Structure formats: C-alpha cells, structure tokens
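Trainee: Chains as they are written, first to last, in my numbering: chain A, 1 to 180; chain B, 181 to 492; chain C, 493 to 924.
What the hints contain is simulated information worked out from the structure, not anything from laboratory work.
Heads up, a few of these hints could be off.
Beta-carbon label-pair distances, calculated as ranges [claimed, not checked]:
| id | chain 1 | residue 1 | chain 2 | residue 2 | range |
| --- | --- | --- | --- | --- | --- |
| 1 | A | Asp-157 | B | Glu-194 | 46 to 56 Å |
| 2 | C | Ala-677 | B | Glu-194 | 26 to 36 Å |
| 3 | C | Ala-741 | B | Asp-426 | 56 to 66 Å |
| 4 | A | Arg-124 | B | Ile-252 | 58 to 68 Å |
| 5 | A | Asp-74 | B | Thr-424 | 47 to 57 Å |
| 6 | B | Gly-434 | A | Thr-55 | 34 to 44 Å |
| 7 | C | Asp-761 | B | Ala-193 | 22 to 32 Å |
| 8 | C | Asp-564 | B | Lys-216 | 36 to 46 Å |
| 9 | C | Glu-681 | B | Arg-419 | 22 to 32 Å |
| 10 | C | Glu-681 | B | Gly-388 | 31 to 41 Å |
Straight-line distance between alpha carbons at most 25 Å, and here's what the computed SDA-like set of lysine to any residue pairs gives [as the list claims (entries may be wrong)]:
| id | chain 1 | residue 1 | chain 2 | residue 2 |
| --- | --- | --- | --- | --- |
| 11 | B | Lys-215 | A | Ala-3 |
| 12 | B | Lys-183 | A | Asp-117 |
| 13 | B | Lys-216 | A | Pro-4 |
Far from chain B, by Cβ distances over 12 Å, these chain C residues were calculated [claimed, not checked]:
| id | residue |
| --- | --- |
| 14 | Leu-605 |
| 15 | Gly-688 |
| 16 | Pro-700 |
What you are looking at is a predicted structure, and each value in this text was computed from that prediction instead of being measured.
Cβ atoms here follow ideal geometry from the backbone N, Cα and C, with glycine treated the same way.
Each chain is listed here by its residues.
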Amino acid sequence: MMAPARLLDDGEIRRAVTRIAHEILERNKGADGLALVGIAARGDDLARRLASEITRIEGAKVPVGVLDITFYRDDIGMRAEAPEVHETRIGFDITGKTVVLVDDVLFTGRTIRAAMDALVDFGRPTSVALAVLVDRGHRELPIRADFVGKNVPTRKDESVRVALQEVDGEDAVYMDDRTG
Amino acid sequence: MNKHLLSINDVSAEDVVRVLDTAESFREVGTRVIKKVPALRGRTVVNLFYENSTRTRISFELAAKRLSADVINFSTSGSSVSKGESLKDTALTLQAMGADAIVIRHSSSGSPYTLTKWVKGSVLNAGDGTHEHPTQALLDLYTIREKLGRFEGLRAAIVGDVLHSRVARSLSFGLLKMGAEVTLVGPPTLIPPDASAWGVQVSYDIDGVLPKLDVCYMLRVQRERQRQQYFPSVREYSRLFGLTRDRVAMLPEGCLIMHPGPMNRGVEIDSDVADLPQAVIEEQVTNGIAVRMSLLYLMLGGAVTEEVSERD
Amino acid sequence: MTEHTLFRGARVVDPASGRDGTIDVLIEGGTVAAVGGGTERRGATVLDCRGLVLAPGLVDLHAHLRQPGREDKETVETGSRAAAVGGYTAVAAMANTDPVADNAAVIEEVRSLAARAGLCDVFPVGAITKGLGGEEMAEVGEMAQAGVRVFSDDGRCIPSARVLRNALRYARAFDVVIAEHCEDASLSEGAQMHEGLHSSTLGLAGAPAEAEEVAVFRDLALARLTGGRLHLCHLSAAGSVELVRLAKASGLRVTAEVTPHHLAFSDEDLVTYDTNFKVNPPLRTVEDRDALRAAVADGTIDAIATDHAPHAVEEKEAEFDQSPPGTIGLETALAAVLTNLVEPGLISLSRTIEAMSATPATILGAAEHGGPIEPGRPANLVAFDPAADWLVQAPFASRSRNSAFLGKRLRGKVIHTMYRGQLVVADGKAQR
C-alpha cells in the first residue's frame with residue numbers, strides 16, 4: 001500500500017479558507033444577510049472557520065448552522081444498515097438569507113442535492129450558494145460549486161480525505177489510492 | 181438493529197443508545213418548519229391494531245408519516261378468531277400489499293412472534309397481551325435519560341399491577357439492561373411468580389421504597405382486578421399502593437414520576453400528583469413520536485431483506 | 493399355504509419373557525411359530541434385522557383419535573396408521589369424541605372403524621361421566637361388559653370428589669381402571685403454560701405444578717378410600733411423582749403414565765410461542781422433567797403414553813392463547829424415549845419396552861400385546877433401528893402435523909411393525 005499523497009497542507013488550507021471568505025464577501029457585497037450552513041461532518045468546521053475569517057475581515061458576525069443530510073440521502077434502503085445520523089442545528093431562520101452551504105469535498109453532487117432538499121424544509125432562503133474545500137470532479141448531478149479551495153483531478157476509484165484540526169488533530173487533504 | 185422488535189430483549193444496550201441518540205435527531209426534526217423528512221419514501225408501514233389504542237396508533241402513524249412512509253391503518257377490535265379472519269390470512273394479505281413493516285397491537289401475548297412466520301417485512305410489537313410493549317419502554321428510557329442524564333446506578337420502582345403489565349416487563353428488562361436497579365412494588369398477587377429471577381427487587385411496601393428512588397413509575401390498575409380477587413377493593417389498593425400527595429413528599433428531590441397512560445386519577449395516582457412538575461407524563465407522550473421515528477428509521481432505513489422466518 | 497416371515501438377526505428385547513439377545517423369530521400366519529431353534533422354513537420371507545431391535549409391538553394407553561366428530565384432525569384409520577408407523581400395535585382411544593364415548597354404541601362404532609382399518613388394535617376408552625360433564629356417571633357397567641377396560645374423562649379432571657369416589661367404587665364390580673386427568677381447574681383457569689419464571693417473562697397465564705399435585709393427592713386418597721384401580725394420566729410435576737412414590741410404597745394399587753414430550757421438553761421451549769409446545773398438562777421446569785425421567789427409570793411411573801392430540805393446522809396457527817393444547821406423538825414416541833432416556837443411559841432398552849408395551853398392555857387388559865414373544869402368541873411386533881438418526885418433519889401418517897418434535901433430530905426409527913402377522917409397516921413405510 002502506497003503512502004497517501006498529500007494534496008494540501010495546513011498553510012494551503014488556511015489560505016484557501018481566507019480566499020473563499022474574501023470571494024463570498026465580494027459576491028455578496030459584504031456580510032449582510034449572509035448565513036453559513038456546514039454539512040456534517042467537517043463541512044460544519046469549515047463553515048465556522050469561514051465565519052471567523054469573515055468576522056476578521058468585515059467585523060460582522062455571520063450565523064453558522066450545521067446540517068445533517070442523512071434523512072435526505074437517495075441511497076436509503078440500498079445499504080445493509082440505516083446510515084448513522086449526526087446532529088442538525090440551525091439556530092436561526094434561513095428565510096430571506098443568502099445561505100452558503102459549506103462542505104469539504106465536492107464529488108458526485110448527491111450530498112449537495114440532499115442538502116438543498118433539507119435546507120428548504122427550514123425555510124426559504126433568498127439564494128443558496130456552495131463553497132467546498134476540494135472539488136474532485138465526477139459529478140453525477142447538474143451541480144457546481146460557487147467557491148472552490150482547490151480543483152483536484154482524480155480517478156473515480158481514488159478517495160480524497162480531508163483532515164481538520166477540530167476532529168482529526170491536523171489540517172491536511174490526502175488522496176488515498178484504493179486500488180493500491 | 182434486529183430485523184424485528186418483538187421484545188426489548190431484541191435490542192442490545194448499544195442499540196438502545198443508538199435508538200435514543202437517533203431519536204434526539206428526530207426531536208430536532210419536530211422543531212422544523214416542515215416536520216417531515218423523506219427518509220422512508222416509498223416504504224409502507226401497516227398499523228395492525230387488534231386492540232383499541234388510539235394513543236399508540238396515532239403516535240406510530242405520525243412517526244411513519246413524518247418519515248414520508250405510506251401508512252395503512254388496519255384496526256379491528258377483538259380477536260382474529262372472533263372476527264372470522266385468521267391472523268395468518270391477515271398477515272398474508274398485508275404481505276401481498278407489500279408492507280415493509282407491520283406494527284402490531286394484540287391482546288394475545290406472543291402474537292407478534294406468530295406474525296413473523298408469515299411476513300417478509302419487519303414486525304414491531306406495539307403491545308401484546310400481558311407480554312411486552314418495547315416501544316413504550318424505549319420512550320420511557322429516552323425520557324429518563326433526557327431528565328436524569330444517565331441510567332447506570334439509577335434506582336427505579338415500578339408500582340402496581342406488574343403481573344398484567346406489558347409496560348412493566350419491557351421497562352424492567354430495559355432498565356436492567358442499561359444498568360439501573362429496579363424494584364417491583366405491588367400486592368403479592370400482582371407480582372409475577374419468580375420475577376426476582378429477572379434481577380429485580382420485589383417489595384410489598386411502597387413507603388419503604390419511595391425515599392430511595394430516582395424514578396417512580398406508576399402502572400395503571402384496572403378495576404376488574406378487584407373482581408378477579410387480586411385485591412379486596414380499589415379503595416384498599418389506592419390506600420396501600422397509590423401515589424398520594426403524602427407519598428410524593430417521601431420521594432427524594434428530583435425523582436421523576438412517570439405513568440404510561442391512560443391514568444386512573446385517584447386510583448394509582450392522585451390527580452394533583454399527576455400535574456406536579458416532576459411528573460413527566462406528557463413528555464413521555466411527546467418523546468414517543470421521536471423514539472418511534474427513530475425505530476422505524478433504523479429498522480427500515482437499511483436494505484430490504486427478503487427471507488421469511490417460517491419455522492415449520 | 494400359510495405365510496412365513498422370519499425376523500433374522502435382531503436383538504430381541506422382551507421384558508415379559510426376560511429375553512434380551514440375538515435370536516431369530518419365525519412367524520406363521522398370525523402367530524409366533526418359533527423363537528431361537530427351528531426357525532428355518534423354506535419359502536419364508538426373510539427380514540434381515542441385523543442391527544435392529546425386535547420387541548413386542550408398542551401399546552399406547554392414551555391417544556386421541558378424534559373420530560367420531562373431528563375427522564378433519566384424525567380418523568381411526570389415520571390414527572391407526574400413525575400408530576403403526578410409530579411401532580404401536582395397540583392404542584387406547586380417548587373418550588372425548590363428539591359424540592362422547594359414554595355409551596356402548598360409540599364404543600362399538602370406534603371398534604368397527606378400527607377393524608375396518610386393520611392397522612392396529614384400538615381399545616376405546618369409556619367416559620366416566622355422561623358427556624364428560626363430570627356429574628352423572630356414564631353406563632360404566634354396560635361399557636365394561638362390552639369389553640372396555642379403561643374409563644377416563646381425559647381432557648377434564650372430575651371436579652367433584654364425590655363423583656370420583658363413586659366411580660372408583662362402582663368400577664370395582666368390573667375390575668376396570670379409572671384413568672384421571674389430574675388438574676384442579678380453579679388453579680389452572682385460563683392457564684396457557686406452566687406457572688413460573690418463563691410464564692412471567694412471556695406474559696402468559698400459568699398453572700402451577702400444584703394444580704396437578706392437589707388433584708393427584710385427592711385422587712390417591714380416594715383410591716385408598718375405595719380400593720378402586722386408579723391410573724394417573726400424563727403426570728407432569730415432580731411433586732406428583734413424589735406423591736405416587738409414597739402411595740405405592742404404602743401398597744396402594746395405582747399406576748401412572750408420562751408422555752414423551754414431558755420427558756423431552758420443558759417450559760423453556762415456549763420462548764418463541766410455538767403452539768406445538770402448548771400442551772395440557774403444560775411442559776414444566778427442567779427439574780420436573782428430570783424427576784419424570786428418574787421416575788420412569790425407577791418404576792414410579794409405570795408407562796409412557798403419547799397423549800397423541802391431533803389438531804387442525806389453522807387451530808395451531810392461531811394466537812397462542814386461542815390455540816388448543818396438544819401435540820401428536822404416536823410417530824415420534826419411541827424415538828423420543830430412545831433419544832432422551834436410553835441414549836443418555838437413564839433407562840435400558842428392556843425398561844423402554846416394559847414402559848411402552850408390556851406394562852400398558854397389562855393396564856389396558858390387552859392380552860394379545862406386550863409380549864412375551866413365545867410360540868403360539870399373537871404376532872404383534874416392532875423392529876426398530878436404535879441408532880438411526882432422523883429429522884422429524886411433515887408429512888406425517890397422522891392427518892395433523894402439530895408435533896412438538898417438528899424440526900428436531902431424533903435417534904431410533906421404526907423399521908417394521910407387524911400386526912397379527914401382517915407387516916403393516918415395512919422398511920419404515922406404511923403398507924396400507
């Protein structure tokens with residue numbers, strides 16, 4: 001088994017987050033009406049980092065929520081066991097907000113489809129955008145990210161793994177070769 | 181999770197925690213603008229109720245609907261025999277309709293076991309005779325964990341007609357499984373023979389038990405038990421075993437008062453006791469929906485298995 | 493020309509003659525022609541019985557053949573065939589038919605049905621009370637004169653001590669046996685199983701062992717009072733065994749039986765609510781079961797009887813509390829005893845045949861059954877393979893399939909059953 005290749009290190013992740021924060025503010029023309037919703041797990045940690053970057057740049061507080069999309073998955077009943085459920089906590093009304101969904105890796109797009117379905121059960125945002133740390137391609141649905149930390153060309157059988165300080169004890173993005 | 185939920189013993193301690201944790205997520209779903217998730221879209225849940233129990237049926241119905249499952253209610257009072265169609269034929273009919281889960285309430289102990297012989301889907305016991313009522317036990321465990329934060333070392337008393345109570349059986353086994361201590365309290369005629377072999381304590385003296393409790397769980401006592409000579413009179417029963425205002429004063433601070441409903445106010449529990457803040461009887465009902473959603477999700481959210489466990 | 497059949501090379505186990513050894517047995521027509529010497533006959537059908545046990549045909553003191561009245565469950569013919577397949581050549585048919593066998597007419601009907609079937613001897617049991625009502629004595633004398641040797645209200649215990657006392661007294665005139673189903677109905681009301689830990693856990697109403705013991709005690713006292721011949725049906729509790737042991741020690745003329753299912757199973761087997769384990773008296777604890785086994789071994793219990801109780805599939809598929817009690821047993825009895833008592837070394841083969849053939853034949857007054865296997869005796873025989881391992885599964889020769897042994901592996905299989913010189917079962921297959 002080959003050692004996993006590191007695609008991003010901690011400095012690159014930090015700079016990517018900062019850049020995305022700037023891009024979000026630029027697109028939204030400031031922090032007004034902005035809300036971040038991270039997809040559990042790791043998307044929520046990235047959303048909190050983006051929020052604190054935005055606060056640092058703009059001096060404004062942006063509400064952050066965490067969304068678990070398990071109940072909206074399209075593969076329920078196809079796996080042996082019901083998928084494990086994580087916490088959902090959106091402590092603010094998303095109606096009228098510009099919501100940026102935040103996830104670590106964008107791959108087939110199915111998670112984002114589920115997240116958009118879940119989100120509308122909480123209210124009616126003015127608009128929904130998508131920010132991801134890594135876009136590795138291979139979309140199976142007509143979905144694209146508005147803000148991307150890094151585009152990484154991959155084979156479909158490879159796996160991209162994001163490690164974050166908050167849960168994994170380090171900041172890094174790895175590519176594991178499953179066929180290795 | 182086991183395919184069927186026939187007894188609380190079908191659920192391991194680890195799975196109890198999983199059910200309660202998942203129920204936590206469904207409690208959150210209940211706070212959303214739209215309280216419905218598509219998790220069980222396309223699945224069919226049948227409520228097969230041979231006993232009138234509007235409360236339990238509605239709780240299951242709402243749980244299934246909030247998971248986007250299709251729900252069919254099949255209610256009939258009395259036994260299948262008196263109705264003319266056998267349990268087997270009803271089961272085969274429901275099977276032919278493509279039921280993914282059958283929630284059964286029946287006056288005969290063991291009927292859910294019998295049902296599993298003929299249906300491919302999951303069977304959930306919503307109360308069978310004087311045997312078990314596992315979903316009630318799980319929602320009670322949820323309520324206890326929510327209020328007290330733990331099970332290990334908790335001291336619970338289950339008071340009343342334990343002999344005929346399916347709630348008492350499931351809750352006793354559930355609490356014991358989770359590391360709590362259980363004392364069954366009631367007149368000796370209403371304590372099941374050899375119950376101490378379950379690992380519970382048995383007491384005939386409620387006043388000796390109350391001062392040590394974290395949970396005081398009162399059971400419904402039916403008046404017909406007097407006619408069957410389990411106790412001489414309802415008046416004597418409530419004087420000896422009813423939870424009165426005076427007895428509540430003997431409970432430690434923070435002890436929960438629980439009851440599975442429907443209550444006989446003035447028999448096993450005084451009317452004003454049921455309305456005290458430490459009585460969490462309404463919370464039990466609310467939590468019932470989330471716990472049943474959790475069970476349906478965990479049992480039906482996996483792949484469909486096709487085997488029928490015909491035993492002969 | 494008379495037909496000859498030679499059982500060659502079998503181990504003959506025949507407690508009535510005390511014989512136990514490898515001896516050839518020649519049958520001529522309907523009787524035993526030779527045992528040991530002089531068994532060679534030209535043209536005889538030779539049955540190679542090496543490895544088999546040859547014994548007097550089994551005798552069942554307690555079967556429900558359901559005819560007349562419930563021919564959907566069993567008929568005298570299908571019950572006789574089940575008996576033959578199980579190695580029985582004589583069966584006592586219980587009286588709780590519809591109409592009840594409480595008069596000579598029904599007795600005659602059952603007899604003629606049995607004769608027409610011609611697969612084994614059927615001894616109709618007469619009811620003690622009219623319509624099994626427990627109140628008015630049936631015409632015991634008339635039935636006794638018609639040849640009935642055993643009377644029973646089985647399925648019900650005679651509730652009144654006075655009625656039972658009179659029956660035991662009255663029966664003395666004819667030297668017939670009063671066979672009691674011992675159950676104090678007020679202690680077993682609504683019971684679905686044995687009362688104990690398992691009934692508590694399963695939430696099923698239970699009958700304590702004392703429901704039987706109270707009745708056994710009363711019945712023994714009345715047998716003492718009257719000097720009547722009392723037989724206790726299907727004992728299930730260790731306490732009952734103890735009472736019988738004491739009564740016998742004091743010289744009381746009492747006999748007792750136990751069923752193969754009470755020797756094989758316990759209340760633990762009900763944990764899946766399998767209605768085939770719902771029987772009356774109920775399966776009791778492992779300790780009770782072990783006491784019953786020991787009582788067969790030491791002779792406190794005289795006989796093993798099947799309590800063969802066929803029920804319709806739809807009845808047994810109903811909810812547990814609505815399903816009727818009973819298991820079929822004729823086709824599995826011998827194997828169940830071999831598996832659960834002989835195999836573990838609790839009893840010998842000779843004791844097995846004594847408890848399943850010789851003793852019940854004596855109680856039943858079935859003089860042509862139960863051995864000894866001697867020249868001139870009627871050829872009612874069974875040959876079985878004590879080592880054959882088989883899986884109990886439907887279909888059965890019985891019209892019903894409510895067997896507590898369904899799906900179980902048993903050791904010991906009946907190979908040939910000879911009834912009055914005819915091989916009604918050959919190579920394990922019913923011939924008619």
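Trainee: Hints first: check each against the structure and report whether it holds.
Mentor: Each hint, compared with the structure:
1. Range check, Asp-157(A) to Glu-194(B): about 33 Å between beta-carbon atoms, so the 46 to 56 Å window is missed.
2. At about 47 Å, the CB distance of Ala-677(C) to Glu-194(B) disagrees with the hint of 26 to 36 Å.
3. One distance hint, 56 to 66 Å for the beta-carbon pair Ala-741(C) and Asp-426(B), holds here, with the actual separation near 59 Å.
4. At about 33 Å, the beta-carbon gap between Arg-124(A) and Ile-252(B) misses the expected band of 58 to 68 Å.
5. A hinted range of 47 to 57 Å holds for the C-beta pair Asp-74(A) and Thr-424(B), which are about 56 Å apart.
6. Checked against the hint of 34 to 44 Å, the C-beta distance between Gly-434(B) and Thr-55(A) comes to roughly 41 Å, which is consistent with it.
7. Distance hint check for Asp-761(C) and Ala-193(B): the Cβ-Cβ separation is about 27 Å, which falls inside the suggested range of 22 to 32 Å.
8. A beta carbon spacing of about 51 Å between Asp-564(C) and Lys-216(B) contradicts the range 36 to 46 Å that was offered as a hint.
9. Under the hint 22 to 32 Å, the C-beta atoms of Glu-681(C) and Arg-419(B), about 28 Å apart, fit the expected range.
10. At about 33 Å, the beta-carbon gap between Glu-681(C) and Gly-388(B) stays in the expected band of 31 to 41 Å.
11. Of the supplied pair hints, the one linking Lys-215(B) and Ala-3(A) is violated, its CA atoms being roughly 46 Å apart against a limit of 25 Å.
12. Taking the CA atoms of Lys-183(B) and Asp-117(A), the gap is near 29 Å; set against the 25 Å cutoff, the hint is violated.
13. In summary, the hint linking Lys-216(B) to Pro-4(A) is not supported, as the alpha carbons are separated by about 41 Å, beyond the 25 Å threshold.
14. The claim that Leu-605(C) lies off the interface holds: its Cβ sits roughly 30 Å from the closest Cβ of chain B, which is beyond the 12 Å cut-off.
15. Listed as outside the interface, Gly-688(C) is inconsistent with that label: its C-beta sits roughly 5 Å from the nearest C-beta of chain B, within the 12 Å cut-off.
16. With a minimum CB-CB distance of about 8 Å to chain B, Pro-700(C) fails to clear the 12 Å threshold, and the non-interface call is violated.
Consistency with the previously given hints fails for numbers 1, 2, 4, 8, 11, 12, 13, 15, 16, ordered from lowest to highest.
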